[in-house]
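Novice: Sequence:
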Amino acid sequence: NELLKNLTEAVGVSGEEKEVRLLIRDLIADHVDEWHVDAMGSLIALKKGTGKLNLRVMVDAHMDEVGLIVTDFDSNGTLKFAGVGGFDDRALLGKVVQVGPKKITGVIGARPIHLLNASQRNSVVKMDDMRIDIGAKNKDAASGKVSLGDRAAFVTEYEELGPTAIGKSFDNRAGCAALVELLRERPYPFDLIATFTVQEEVGLRGATTAGYGVKPDVALILECTPAYDLPNKDDVSPNVALGMGPSIYVMDSGTVQDPRLVSLITQTAANNNIPFQIRRPGGGGTNTAVIQRVRGAIPAATIAVPGRYAHTPTMMINLDDYANVVKLAKATLLNLTEDIVKRN
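For what it's worth, the numbering used here labels the leading residue of the sequence shown as 193, then goes sequentially.
In short, the hints are calculated from the structure, not lab data. Honestly, I wouldn't trust all of these hints.
[As the list claims (entries may be wrong)] Quick list of in silico lysine to any residue cross-link-like pairs, SDA-like style, CA-CA up to 25 Å:
(1) Lys337 - Gly301
(2) Lys240 - Ala523
(3) Lys519 - Arg376
(4) Lys244 - Pro491
(5) Lys244 - Asn464
(6) Lys294 - Lys337
(7) Lys329 - Leu353
(8) Lys329 - Leu375
(9) Lys244 - Gln459
(10) Lys522 - Gly405
(11) Lys244 - Arg452
(12) Lys522 - Pro293
(13) Lys272 - His503
(14) Lys295 - Asp280
(15) Lys534 - Gly476
(16) Lys331 - Val288
(17) Lys294 - His503
(18) Lys519 - Lys294
(19) Lys522 - Leu422
(20) Lys244 - Asp218
(21) Lys295 - Asp320
(22) Lys522 - Asn465
(23) Lys294 - Val316
(24) Lys244 - Leu375
(25) Lys287 - Leu353
(26) Lys295 - Asp218
(27) Lys522 - Lys337
(28) Lys534 - Tyr420
(29) Lys197 - Lys522
(30) Lys294 - Asn309
(31) Lys534 - Lys329
[Claimed, not checked] Quick list of the computed label-pair ranges, beta carbon to beta carbon:
(32) Asn309 - Val288: 25 to 35 Å
(33) His228 - Lys329: 25 to 35 Å
(34) Ala515 - Asp225: 20 to 30 Å
(35) Asn309 - Val229: 50 to 60 Å
(36) Pro451 - Asp264: 15 to 25 Å
(37) Lys272 - Gly435: 52 to 62 Å
(38) Asp266 - Gln312: 13 to 23 Å
Glycine is no exception: its CB is placed at the ideal position from the N, C-alpha and C atoms.
Kindly produce the complete structure, drawing on both the sequences and the hints.
Specialist: Encoded structure:
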């Protein structure tokens, strides 16, 4: 899937999404009537409808990915850093990164295992004790290559492994790719406003301003949600699993999804023989949490691609799940009516 490959390999750590934004802009330019970039950096595009329905429908996918940010230089030329977005420190050691706009190559390192005592070997190395090594001999050499505040992104090539694919930042380039595909379709019965938003991973910030600015009547959010379908000592059902279809949100830590839209999505899936799974309620959060609260409340719901190993340098998705998210989102939009979003 060339679209997924290009989007996942692009660099767009929160606050520095320009590379992804320009790529998406070029992908959708011939399929929308107008577009602009707001002050936060979100790409907002209008695809005019046929006029059959008097609705403004927002479909959102965030562009940014988790990554790192340079916070200081050590005298030996290595870089101190902090996380941008939520991270599990265990996933960092030994990973190759690209730092700053020049994409300087570095490796995340710490004291080697040979030099650790017994207690240190049994402890997870904390991010504060790691450094990015760019091969600089001292602080001056390092500061001549990169700057404080430069983002660092992981270097992971997209690869398909039979029915699955691995790559960087499926959260949420999978959602972005799905939205690009929706824009390539013929006009919908209503005006569709696509928002490719920024800074989701650091506080849902781009969606807060975009949701307010586009004044939607209803919103559909496309995401990539963590799958936990790995071997487990406890007999616990996974929240979602790869290969079982799109994940439908009901409730998470930030929102209760609009039940009318959840019903529309699940009924649409059943009527079109699209497999789906209900994401186990609780934990996590998406742009839905802020979009549904703007301008006196917006009916909103989320459809997500399940992805293993979220917020690590390498994720895995099932390609059929992704294709079915596109199919389900399109069918849901075509089944949308003005009555569905009216309150009685």
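Novice: Would you pick out the hints that fail for this structure and give their numbers low to high?
Specialist: The structure conflicts with hints 7, 8, 12, 15, 18, 19, 20, 23, 27, 28, 30, 31, 33, 36 and 37, although it agrees with all the remaining ones.
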